[in-house]
Structure formats: C-alpha cells, structure tokens
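Build the full structure now, drawing on both the sequences and the hints.
Those sequence lines, one after another, are chains Y and C. Numbers 557 to 672, taken from our numbering, label the letters of the first sequence in order. Numbers 459 to 572, taken from our numbering, label the letters of the second sequence in order.
Each hint should be verified, as a subset may be incorrect.
[As the list claims (entries may be wrong)] Listed below are several chain C residues computed to face chain Y (Cβ distance under 8 Å; list not exhaustive):
| # | residue |
| --- | --- |
| 1 | F492 |
| 2 | G501 |
| 3 | V515 |
| 4 | W541 |
It is worth saying that the hints were derived from the structure and are not from the lab. Positions of the beta carbon are idealized from the N, C-alpha and C atoms, including for glycine.
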Amino acid sequence: DTAVSQTPKYLVTQMGNDKSIKCEQNLGHDTMYWYKQDSKKFLKIMFSYNNKELIINETVPNRFSPKSPDKAHLNLHINSLELGDSAVYFCASSQDTRRLTNTEAFFGQGTRLTVV
Amino acid sequence: AQSVTQPDIHITVSEGASLELRCNYSYGATPYLFWYVQSPGQGLQLLLKYFSGDTLVQGIKGFEAEFKRSQSSFNLRKPSVHWSDAAEYFCAVSENNQGGKLIFGQGTELSVKP
Numbered sequence: 557d558t559a560v561s562q563t564p565k566y567l568v569t570q571m572g573n574d575k576s577i578k579c580e581q582n583l584g585h586d587t588m589y590w591y592k593q594d595s596k597k598f599l600k601i602m603f604s605y606n607n608k609e610l611i612i613n614e615t616v617p618n619r620f621s622p623k624s625p626d627k628a629h630l631n632l633h634i635n636s637l638e639l640g641d642s643a644v645y646f647c648a649s650s651q652d653t654r655r656l657t658n659t660e661a662f663f664g665q666g667t668r669l670t671v672v
Numbered sequence: 459a460q461s462v463t464q465p466d467i468h469i470t471v472s473e474g475a476s477l478e479l480r481c482n483y484s485y486g487a488t489p490y491l492f493w494y495v496q497s498p499g500q501g502l503q504l505l506l507k508y509f510s511g512d513t514l515v516q517g518i519k520g521f522e523a524e525f526k527r528s529q530s531s532f533n534l535r536k537p538s539v540h541w542s543d544a545a546e547y548f549c550a551v552s553e554n555n556q557g558g559k560l561i562f563g564q565g566t567e568l569s570v571k572p
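Now the structure itself:
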C-alpha cells in the first residue's frame with residue numbers, strides 16, 4: 557500500500573548510458589514532481605506535472621526528460637549520463653496545486669543514481 | 459527570490475534533552491511552511507506544516523513548530539529527544555501560486571548521544 561513508489565531504488569551505470577527511473581502514486585493526486593538531492597543533501601525541484609501537463613521545468617539539462625503517461629505516473633529519462641548526474645532522485649505527489657494551494661507533498665523513497 | 463536557511467548543519471543532543479532546530483525563510487507574503495525528516499537511506503516524511511491560523515503547530519512523533527512572522531522563522535522543537543530521532547531534518551517553503559514547488563533549506567543533521 558505504498559503511496560509513492562519509485563523503481564529502482566539503486567542504479568549504477570556507466571557514463572554515456574541512457575536510463576529511466578519510474579514513479580507511481582496511488583493517492584489519487586493530480587500533481588507529481590521530481591526533485592534532485594545532491595551529495596551535500598541539498599534538495600532542488602526539477603519538474604512538476606499536473607494531470608500529465610508540464611507546469612514546472614527548472615533549469616535542467618535537456619538530457620533529462622520527464623514523461624507522464626497518466627496522472628498516476630511520472631517517469632524520468634536521462635540520456636548520455638554524466639558523472640555529475642550522480643545523486644538521489646525523489647519523486648513526489650500532491651493534490652491539484654492549481655485548485656488547492658495548501659497542499660502537502662508526499663515523497664517516494666528515492667533512487668540513488670551512481671554514474672561511474 | 460524565496461530562500462530557506464537552516465543555520466545549523468549538524469546538531470548533537472543527548473537522549474532525553476530538548477531540541478530546537480532553526481529555520482529562517484525569505485518570502486514576501488505569508489508562506490506555506492513545512493518540516494520534513496529523512497532517515498538514513500529513506501525518503502522524506504512530513505513532520506508538520508503551517509498554512510495559516512494558530513502559529514504553533516503540532517506534528518507527528520512529538521514535534522512542534524512555531525511560526526514567527528516578525529522573525530521570519532519556523533523553528534522545530536521537541537521536548538525530549540529519542541535515539542530514533544537521529545536523522546536529517548529539512549525545512550521547506552512553498553508559494554501559493556507556484557504549483558506546489560518546495561524550496562528546501564540545506565538540512566540539519568541531528569545526532570543523538572546516549
């Protein structure tokens with residue numbers, strides 16, 4: 557009965573590869589997010605989707621492409637991985653932030669990506 | 459631009475002692491404020507939140523926080539710390555028209571000594 561689930565939990569890959577991280581939420585939320593936590597544990601938003609529509613796109617290399625097949629899923633695809641992409645990536649979801657402003661975000665367990 | 463500052467990178471307290479983690483924010487209007495906890499290798503769990511109303515908010519695990527507009531602060535407190543409280547604590551702010559985007563502080567690592 558996990559609310560926000562991400563797969564895989566750990567991902568080790570070589571530079572130049574392409575990889576995807578999947579995220580699913582069963583909370584009935586309309587908004588989903590990707591956050592990146594760097595080696596100093598600093599968390600920063602990357603993307604946000606509301607009902608499959610991109611609403612937040614921070615300054616992120618275009619090697620990162622989010623895809624939302626439906627409002628319960630938000631996947632993150634990364635092309636041509638670089639050493640600096642090593643981080644923990646968190647998926648999150650919340651209620652529709654365009655209708656409700658006082659919402660809280662629920663986070664997944666994170667995916668630790670290591671690029672070697 | 460909005461920002462959140464957690465002045466203490468690392469705090470160590472004795473089990474049973476009281477705890478206060480500091481958080482200051484920079485935002486023009488009334489912010490929405492949150493405290494999250496991250497245990498080692500785990501995701502982020504919401505401890506408590508402030509949207510409006512009573513400035514002293516109660517959360518899970520015996521935590522509370524007080525919103526002080528005059529000081530732009532939202533400090534987290536617990537009267538008696540347990541060893542299981544050792545974790546990373548993040549303060550965050552969101553705006554009411556930014557699609558739920560959270561801006562996080564740098565985090566405070568809490569160690570608990572027996």
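Hints breached by this structure
3, 4
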